[in-house]
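Enquirer: If you want the building blocks of each chain, they are given just below.
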Amino acid sequence: MEHLSTEALARLVDNAPEPSESEHLAECMVCASGLQALRLQTEQLGSLPEILPPLGDWEVLEARLRSDGLVRDRGVLQRVGLARTPGWMKVAASAVLFLTGIGVGSVVGFSTPGQEGSPRLPDIAFASAETVEDAATAVRIAEQNYVNALTRYSQLMDRDAPGSSQADQSGRMAALEYLFAATQAAVRQAPADQFLNGLLAATRAEREATLSRISTRQDNWF
Amino acid sequence: MTEIQLIREACEGDSRAIRKLYDRYAPRVYAVVRRIAGDDDLAQDYAQEAWIRAIRALPNFRGDARFSTWLHRIAVNSALQAIRKTETRRKRESPMPEQLAAVSGSSDALLQRKLQRALDTLPEGMRRVLILHDVEGYTHDDIGDALGVTSGTSKSQLFKARAKMRSILASVGSDTKETGAEAWSI
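Chains as they are written, first to last, in my numbering: chain Z, 77 to 298; chain L, 465 to 650.
Note that these hints are calculated values from the structure, not bench results.
Where hints are given, some of them may not hold.
[As the list claims (entries may be wrong)] Now the stretches of chain L that chain Z is said to cover, found in silico as 3 or more residues with beta-carbon under 8 Å:
1. 476-485
2. 503-517
3. 598-611
4. 627-635
It should be emphasised that the depicted structure is a prediction, and the values quoted were computed from it without experimental measurement.
Ideal placement from N, C-alpha and C gives every residue a C-beta, glycine not left out.
Bound conformation, chain Z alone:
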């Protein structure tokens, strides 16, 4: 008896056998089991599992995506959830944030003692922003000014507050240390992010100011 070739059996995994092949398979256990093994092999191939990529694959890919300009860090619009809003809403939001920054800056004052009443204006004025990107830059500057203003406000309030104790200052210092470390880590993740850099600068300044106040009080006490 002549057996069916393995290729012929492989064809029968998908296709119906010719009558002569059917007759042969009915009589020949060798070919029938060969066909059964091929069916099983095909079934097993179809259920092969997914394979995890090697460790570090994402980091390599991310670096390539960045070098190809296909990835960018989340900007302020994404962070505040404005990335998908229409252009006019972005402009409106930018205006509100910008004016808030200027307003707070004017009230609290960014000026040094020799420049009373002349708050520092941002380098990119909102009125001249012609694109959403320019407006976003203005927003970042406004945010930074806002943080600076708030810090200054806090400094003034703290300086003038009669009841701020040494314990309060120490607790504040610990909180600032934590904030500084967190912001520093965030800047390491996104070194070009203006908002984070501004926050880091403000936190650092506030931490040093608090440290200075604590040491002054200790000096005075002694």
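Starting from the known structure of chain Z, fit chain L onto it as the hints suggest.
Expert: The following block gives chain L in isolation, referenced to the frame of chain Z:
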């Protein structure tokens, strides 16, 4: 976040969205290119290339097909194209080896390891057709399009590949039976 939202964010270059898509589909992409490549080092290069292409092509994804299907096609085409380039270079530089070296098994399951090793030792043309048809579920027309051959050629290659695979598994099984090592036959 839904997949559509993720895709939209990834389209705009949001690294977190791209990372989420990667986490979701990297094992599938890697599996298909690994099997086509028959080699771990090549597979990593092919998978990276597939992702770069996919991210670059994201703005063209219209959602007619499922994202996984679309990405899978890109991965297959990318791997096949990379292999063609490699083959051309090999042909120019030196005679092409008949088979890619078998890689060490990464799966815990003995059966899967046996199948993977057998796949890796198949001649490349046969392996591609067998993987696309029996593993990935492509039709012969799809395979014809992807490989630039007729569907008849694809069928004929498939039957040869199945037979060769069977023969590899059987021969390894008989070798290992003699030495008392792991059983290879399915």
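Enquirer: Tell me whether the statement that chain Z covers the region 476-485 of chain L is true, taking a Cβ distance below 8 Å and needing three residues at minimum.
Expert: Result for this restraint: holds, n = 7.
Enquirer: Do three or more residues from the region 503-517 of chain L put their C-beta atoms closer than 8 Å to C-beta atoms of chain Z?
Expert: holds (count 6)
Enquirer: Mind taking a look at whether chain Z covers the region 627-635 of chain L? Criterion is 3 or more residues with CB to CB distance under 8 Å.
Expert: holds (count 5)
Enquirer: Would you say the region 598-611 of chain L counts as covered by chain Z, given the rule of at least 3 residues with C-beta under 8 Å?
Expert: It holds: at least three residues are needed, and the region 598-611 of chain L offers 3 whose Cβ sits within less than 8 Å of chain Z.
Consistency with the previously given hints is maintained throughout, with no hint failing.
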